[in-house]
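There are 2 protein chains.
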Amino acid sequence: MRATLLYAADDVRVENVADPKIQDPSDAVVRIVLSCICGSDLWPYKSLPRTDNPRHMGHEFLGVVEETGSEVHTLKRGDVVVAPFVYSDNTCAYCREGLHTSCLHGGQWGVNGVDGRQGEATRVPYADGTLVKLPVSEDSELLPDLLTLSDILCTGYHAARTAGVTRGDSVTVIGDGAVGLAAVISAKLLGAEQIILMGRHQTRTDLGRDFGATDVVAERGENGIAKVRELTGGEGTRKVLECVGLKDAIEQSFGVVRDGGTISRVGAPQFTDVPFGFGDFLRNITLTGGVAPARAYIEELMPHILNREIQPGRVFDRVLALEEIADGYRAMNDRAALKVIIRP
Amino acid sequence: MRATLLYAADDVRVENVADPKIQDPSDAVVRIVLSCICGSDLWPYKSLPRTDNPRHMGHEFLGVVEETGSEVHTLKRGDVVVAPFVYSDNTCAYCREGLHTSCLHGGQWGVNGVDGRQGEATRVPYADGTLVKLPVSEDSELLPDLLTLSDILCTGYHAARTAGVTRGDSVTVIGDGAVGLAAVISAKLLGAEQIILMGRHQTRTDLGRDFGATDVVAERGENGIAKVRELTGGEGTRKVLECVGLKDAIEQSFGVVRDGGTISRVGAPQFTDVPFGFGDFLRNITLTGGVAPARAYIEELMPHILNREIQPGRVFDRVLALEEIADGYRAMNDRAALKVIIRP
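In order, the protein sequences belong to chains A and B. For the first sequence, position 327 (counting from the first letter as 1) is numbered 327 according to full-length UniProt numbering, and the numbering increases by one without interruption. For the second sequence, position 297 (counting from the first letter as 1) is numbered 297 according to full-length UniProt numbering, and the numbering increases by one without interruption.
There may be inaccurate statements among the hints.
Said to hold, decoys possible - From the structure, some residues in chain A lie toward chain B, with a derived Cβ separation under 7 Å:
| hint | residue |
| --- | --- |
| 1 | 201 |
| 2 | 246 |
| 3 | 273 |
| 4 | 277 |
| 5 | 281 |
| 6 | 288 |
It is worth saying that the hints were derived from the structure and are not from the lab. Note that CB positions come from ideal geometry on N, CA and C, so glycine has one too.
Working from the sequences, and respecting the hints, build out all of it.
Structure follows, in structure tokens:
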């Protein structure tokens, strides 16, 4: 089958790889209907040293079950399914607590002999635990919205949930990428009253307003912090959802959070030390979040998509064929595209 | 009156200072019955550069009201009272949320014309908000226990509460100082099942066992982490209460916390950056805590002292007269004493 391989920074290729096959009795093989490119795919796209052992790319997809192993009981050939961006057994102690990213048997797509997701098909370990059946057909117009359950919607929601966003809350969302916009949707779902979106790309922040942002702050750093404080009677917001992962963004988070408030970060941190010393200790700031256990939220969020209350699929602004995927990486990296769907 | 002044590292003196007087109508003047030396007093005791403008020391006390301003309504001359380690109006938005340390009108003892607490008497701003009446006489044998409501018991409890310790929980307490021991008491009050105390002073860890620690780990660093993991099936504890404030202690906290767990720190951090990068992001660790709003917890904790369910006053292992206070600083700094009571 055809699949996406990264050989070096800026060297994405679509090549023939081995067809996926059932290897373990808990596996399924799924034909991919939609996949997409993630902001986090851009980190290796920008930095991977040249290698003869290319990286298998992609971790978000939905598709149709083609074959199941002998121990798969909840799925059958023809089922339309979505998968979270890591696989997990959904039965271990961590999974039962909703922390599927720490699953004792789980792992990442694209490594250790598990295919990436930007390809024609894929082997899914722990299929019963990993895959969630979608009650739609594979030509449903809701597929792009449902595809966001694979990562960005659940990641934005993880930020809002771990921050403890509640009805009437004040929230700052830092970052107008797909995850930031999903965090706006999530804060609104949880009843936030004031949602300040910090971002400087107007087409994205306009979409953020459609999703529920009450204010947009385009300024960054000290000016951005001053603006958020102006909008909140000098205090800052009770919750801050940090959806970038750069040190500037976390510093900005401490600047806009109210005393006693919570910063949740879901942007994968590109730094090792958090500037969190005595001053913010005196203010009783909490820092939470982490990689999102998407699997824990899929069933909870899906009904909001099915009843059309939310339309997270609007973050996709370009659809490409698998063979064109290199254009998609380039467009996202140049910020010419917000998020790109791939149709194998 | 006589009061404690710090002129330089290792230069504590008891000298005559101006008698406290009502300055604002919300003030009270309180005669101090018991005060004590805090672990945090040792930071300036170890490091203060020589000054002609000595620091007024002390922030923990209980005493008897001598005089009240015209706007003090809930207290009268003769009332036995305890005060938290910062003063606060108890009416502003932050106080109403239980975050008295961020009170819009609050402040610290010993600065801006407010007396320290290691003296014979003191002016108390916002007396109605700050002071809590104690239902005992000034010769009660419970006074040492009740004095811990001023800081250490509430600080340990803040660690346990912000960490979210619940019934059946597993908890590591880092530090066998007075606050660490108070954190053990607090974790037990909240129903923790496993309480691992990390500390290497056996008289203190023995007291910790009396207070409810189920295990003691004397090792530090990697060895200490390995020991805690051994005691928890390899996983670490769900909650970690960091009661030291040094970088080693926070690093140790990340080492012993279970995936998805929470570290609460109440040891005033003596460093600016927290080592909290991608690895712990993948584990969904939360870092919370901060300076304790003691005022928020006094009414809640007092009944447990009055009914003798807890005896936090056992952390006091030396009683000195005010004129002997320099000996108390020396003994605590040399770890010859755990916590010293001062009787003016």
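Problem - List of violated hint numbers, smallest to largest - result: As far as the earlier hints go, 1 and 2 are violated by this structure, in ascending order.
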